[in-house]
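Participant: Taken in order, these protein sequences are the chains called A, B, C and D.
Residue 294 in the numbering used here sits at position 294 of the first sequence, and the numbers go up by one each step.
Take any residue in the second sequence, note its place counting from 1, add 313, and you have its number in the numbering used here.
Take any residue in the third sequence, note its place counting from 1, add 636, and you have its number in the numbering used here.
Take any residue in the fourth sequence, note its place counting from 1, add 1149, and you have its number in the numbering used here.
Not one of these hints is a red herring.
Ranges of calculated distance between the beta carbons of each label pair, as one might list FRET restraints:
#1 D:LEU1174 with C:ALA742: 40 to 46 Å
#2 B:ARG590 with C:ALA742: 51 to 57 Å
#3 B:PRO444 with C:GLU689: 55 to 61 Å
Sample of chain D residues lacking proximity to chain C, with all beta carbon distances greater than 10 Å (derived):
#4 VAL1191
#5 ALA1272
#6 ALA1305
Bear in mind the hints are in silico, worked out from the structure with no lab data behind them.
Note that CB positions come from ideal geometry on N, CA and C, so glycine has one too.
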Amino acid sequence: DDINPAIVYDVGGRFDESFNQSAYTGAERFSEETGIEYADFEIQNDAQRAQALRNFARRGLNPIIAIGFLHATAVETVAAEFPDTQFAIVDSVVDLPNVRSILFKEHEGSYLVGILAAMASETGTVGFVGGMDIPLISAFQCGYAQGAVSADEDVEVVWAMTGTTPAAWNDPVRGGEITQSHISSGADVVFHAAGGTGIGVLQAAADAGVLGIGVDSNQNGLHPGSVLTSMLKRVDVAVYDYFSDAMETGGDVEDGIVVLGLAEGAVGWADDDNNAALISDEMRVAVDEAAQAIASGEVVVHDYRSDSTCPIE
Amino acid sequence: MESFQSFILLLDSTVRLSMPLLFAALAGLYSERSGIFDIGLEGKMLAAAFAAAAIGAVTGNVWLGLGAAILVSVLLALVHGFACITARGNQIVSGVAINFLAAGLTALIGHAYFQRGGRTPGLDDEARFTPITWLGAESLQDVPIIGPIYFDLISGHNLLVYIGFLAVPVTWFVVFRTRFGLRLRAVGENPAAVDTAGISVTLMRYQAVIICGMLCGLAGAYLSTAQSASFVPNMSAGKGFIALAALIFAKWKPVPVLYACLLFGFLEALGIVLQGRDLPLIGEVPVQIVQALPYILTVVLLAGFIGRADPPKAGGVPYVKER
Amino acid sequence: MAIELRGIDKRFGAVHANKHIDLKVARQSIHGIVGENGAGKSTLMSILYGFYEADDGDIFVGGQKVSIRSSNDAIAHGIGMVHQHFMLVDNFTVIENVMLGAEGAALLQAGREKVRKDLKHLSETYGLTVDPDAIVSELSVGLQQRVEILKALYRGADILILDEPTGVLTPEEADNLFKILRQLRDQGKTILLITHKLREIMAVTDEVSVMRRGAMVATLQTADTNPSEIAEQMVGRRVLLEVDKGEAKPGEAALEVRNLTVTDKFGVDRVKNVSFDVRRGEIVGIAGVSGNGQSELLEAVSGIVPPSAGSVVINGKTLSRTGDPAEARHLGMGHVPEDRLRMGLVKSFEENENAVLGYHDHDDIGGKFVLDVDAVRDHAKAHIEKYDIRPPNCRLKTANFSGGNQQKIVIAREMEQDPDVLLVGQPTRGVDIGAIEFIHKQLIAMRDAGKAVLLVSVELDEIFGLSDRILVMCGGEIVGERMPQDTDENEIGLMMAGIDGAANQGQAVEAAQ
Amino acid sequence: MSRGELPRWVDFGLIPLLNLAAAFLVAGLVVIAVGENPLEAVELMLFGAFGYGEGLGFTLYYATNFIFTGLAVAVAFHAGLFNIGGEGQAYVAGLGVALVCLFMDTLVPWWITAPFAIMAGAAFGAFWAFVPGYLQAKRGSHIVITTIMFNFIAAALMTYMLVNVFRQPGSMAPESRTFEEGGRIPRIDWFFDWFGMNLGGAQTNISLFLALIMAFLVWVLVWRTRLGYRMRTLGQNPTAAVYAGMRPPRLIMIAMAISGGLAGMMAINEIMGVHGRLILEFAGGAGFVGIAVALMGRAHPIGIVLAALLFGALYQGGAELAFSMPSITRDMIIAIQGLVILFAGALEGLFRPAIVGFFNALYDRRKVREASAAAGQAAE
Ligand SMILES: Nc1ncnc2c1ncn2[C@@H]1O[C@H](COP(=O)(O)OP(=O)(O)OP(=O)(O)O)[C@@H](O)[C@H]1O
Ligand SMILES: Nc1ncnc2c1ncn2[C@@H]1O[C@H](COP(=O)(O)OP(=O)(O)OP(=O)(O)O)[C@@H](O)[C@H]1O
Ligand SMILES: [Mg+2]
Ligand SMILES: [Mg+2]
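Isolated chain A, as found in the complex (with noise of 0.2 Å):
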């Protein structure tokens, strides 16, 4: 039997090139593999974050997955309300018993990318420019900066939170300012964890003719031979992954928290032939092995979520 499945993005909207585009396009691979529709919305205020997961709760649509923790109240609520959908929240945790909290290790991720970062690096400064200032940015910073110093411990790290609201993921031109005050102070690969600011960040990069690294999607193609690499957050996997439970179990997956991490494939690092003339064969194999080390456990990288602190300054 069917399910008919509902997405709810966030602010920055279906074709925002990162982090909302990446569950895009799992929800669309998911019906294309298996020709079922599903509902999906962009909610525009606060008070339409709950009303739309209820308009689609009401409408029998089910399972429900919202993408982004600003959502976790609204779902919170409205999976009590209806007890018998099932829901699921990306980035943030909702401890009900409908609900799926699906987490990612950005720290794993942005520890590979990091490493890449330093060894492509001459100035041996590379940067980061962060959207929002929340732990979870903070995550992508410290892994980064630890997979950097693990590659060459007197690199230097630059970095720079864009701003302290929603807001700071969609400010391109502050990016970009950013970007160009970090190559200023010598950094020569910028990483960007910062949604729409991003653009401007990678653009930036490419104009100053050095390196940008992507986040979330894969966005090396933006400016091909500009972009460095690009940290995949597979959140696309997390909703098909999500769709697909739902499908096979009936519309009664297994909830709970659900961390996805490198050993999951759920994290890692983009390799297409935008960026093949930039990967020496050296990186590739030190980026492997780190990957492999990573998932295998032997290497733990910290995430700063845990404690609020990073073992790098």
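Model the placement of chains B, C and D with the ligands on the given structure of chain A, informed by the hints.
Facilitator: Then chains B, C and D with the ligands, alone, in the frame of chain A:
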């Protein structure tokens, strides 16, 4: 030396960030000098930014993009003009409407056409205003002091930046040395006097808002095709209002407008640099304070040091002969 | 014929301002137009000047039928107008104002020089002298009017319309203006002069047309008519122009002004160390060329502007120096301001709302916070009744009342509060004869009821007609005091002009002690 | 009714409706441009806004905000002040409301918390408007610009508070903790039940009634109190106000404070009624919509309530639209808002001349008829 270099870079970033403010503020100057208040600078800028990026993306031609930006912005200006001059509507409200319209339509159309949630595709260099490196900038680059100043600060900006700086003296001349300027100032102070002098108040004001539209067009084009390489929904992010502040801050005078815009640009640049930084002694500055500084400063200066900034006397009121 | 109007008709929404007006004006003549407030004079002239468009009717200039759709057309046909409310850009220089609309070239420089030259020429031929580089807002009204005339002449007008030009002028300035007008006529120009003052009509016009309630009721040769005939035509009944009043029986001082000094925002002393008394049962008139501190004096005494020194004592209680009209009122002072529209009324209010302006916090029209609108309207109805304010409708917007009736609204309000001290500024400025007569009667009545009345007017006949004592102000000082019976207009005029005023300095003060 | 004047039903009914019609006509064209059927869209919108309990609930929830902000703008209007700072005033008011709730929600029931929260919200909003009022009154700075500036300053301030003060450890969203029962005002399901409707998930709450009460009080204030008289005098003729012994500076500050207080009460609806916690940007543009609401409502409470209802329907119906018409994104709603503000606000006078002309014609015709009738009688 190090700090000098970074200071130069701060100024450099200041120049880049104050440009949209400068264009918009000058735009506002023409409109408000003619007695038409315009808080729709923001919206016109946004619409223009979209037009420039969209047309640029489709045609791959920066000039077509610029043309489209100016066209769209002038159209919105004419809507404002029609509402305020012909229909004698409330100018503030019309401005608010323009802002809503632009915010909605740009994203709506952008989404309908490009399917990127309102974004436009990234522009390649032919569709953008790219930095112009001046004669011998490279060779001078390493000369101490002047080197950085010439290379970073003076050279290496895009065409619009230089146009922007040029627009200031031009505006000054137009407003204070030409017949048009005389009538412009008069119609903003006492339209009845202009009318009885046999000049059409309506025509004067329409001319003013059209010029305002053109300059907002430049501001928008700068945002999406010079400062960045694509349109992002709501990318004007309040710049139109800072420009307005700068205009009032400068008491509706061209040259002071330049200084005001540079000041606010500088603060924005500073905010970016200070974001999350720990300063010696002070410790971490809450970025919100830095971000709010332009507004706080405007308020403080308006209130305290520069006292009353008198807008054009007839500003904000439609010209009505017959009660 | 220089000008001929046929069947001009104009409505402003509800108001039918001009009803099928016909008018002929001979070339090389000074043609007066008189009429009560709201008769439609300004409207008619504004139509001729293309400021308003007539709903109907034809305009002929020099026998040719012309269509005047904008001031531009009017100017092109050699018509110039000096408006009742000046059309100047305050923060412009005289030159900029004159050249506005006739700049010559796209750049200003050339035009400036031409204007400078022509102004010099004009000032030589007509004695119309003003500093070409002065900022208009800093000029006296008299000079501002000069600028208006210069504007018209600079544009080569040979038909010149002046709408109530003397309303803002002193007698001297007015006479000077008339000299100029005669010169202009003798040099071939045609002049249309709107005024309320029959004296002026008789003095300068060749012909006079009379308007009443939007219609043109008569056109007379000035030579073979007289003021009372004209007045009769204006109001449609016979009126007596001179005020008749009995002996004053002054009691003790109700208003004592001591060493009052008022400094404006530029730090200039507009009123200098002025002292005088006004006793119960007398009218004290302050004569003076407008702009010599009378306005500032009134505003200071009524508490609107705080004086920089000195004191005002009302009924023995001293007004606090902070300046609070509310306080002055509570101490028993009423104030009919010089400029009713600017100060005394809120034009967009219903008549009844204006009937309590300034007394809005009195206990008899509500509680601590609420305002009892019925009580307010009853007040208004009483005023309308007693002062014959027309139309008798207290719910009508005040803007729809004509000048005279608006003035009555203010007078009624201030008098009906039965104040012990009444300040009156230009009570009959721009008011038609019928109203003037009425207002004068009321002032006398106040006096006879034992009130202290302080009258400020630029109309000498008014001062002489009403005052029991005359104080003359010049340059912010009281330069002398006279009893109306032992002086005449010439002496007062000289004193107003500051000539030999010094001799009488300080008399007022002595009189006060 | 004399010539050139319009009957009230035209002035306050027909003309606003015509303006509205124009706005939706253009909006319809936009809908066609993005390839949807406007009539269908309207149908969906109307249904979404009024068709069923929850929809109506959301409409009223949005309307509540707009009544508050609309009244705020109107009160300032009457005193001759343009307060476009409603957005910031409401936002800052949220701080006051939240503080009260956070302190009291665990200790006392909501009906004890609410009065304090209302006062706190009004006070904070009032303060945020008072300062620009003060600056205009005493320092002569331009109120429109100061209020705009204060919107941005408010945003920065609130961000700072939420990020550095209220944010919960662990929570990534910059928002305060969720209030307990004692910090939440009840929904009005019972009210809907009366009409046999189901409020569903809509957070419509008793602040709606607060808004209506305020509307009435504003009417009293403006047309039935001494203070209102003073404010109107100041608004219409400041010189006369001075002459009348009023103190404009003080009146300006009072008027702005009242205005800000009204805007501030919007926070009750959002913070205590809907979200149950302090969140970023909860004002969501309502402050600006208030300008249009006040204008459409002719600055009269009744008009404001109606206009608020319209915009509420627009918001809610628009959201519904976005659910069922994929190519009509949230941005369509913003655009429609723009159009309504344009036609109903700025172009408000667009059709007036024509209508006045029409009524003058009627009037003249009647006069003629009366005249001839009179003549006829005379003849007999
Ligand atoms: N612009 C206008 N709009 C509406 N009504 C007007 C306008 N100007 C004048 N009126 C009305 O038309 C009538 C004639 O006004 P007008 O100014 O022509 O009279 P007036 O003879 O000049 O009076 P005064 O001697 O007081 O100047 C008055 O009732 C006035 O209220
Ligand atoms: N100097 C005074 N002597 C007596 N009563 C006064 C005086 N000044 C004010 N009042 C009365 O005290 C009450 C409050 O006056 P106050 O001037 O404080 O009111 P307000 O709010 O300032 O009114 P407004 O704005 O009209 O001045 C009013 O009834 C007023 O008439
Ligand atoms: Mg007149
Ligand atoms: Mg008072």
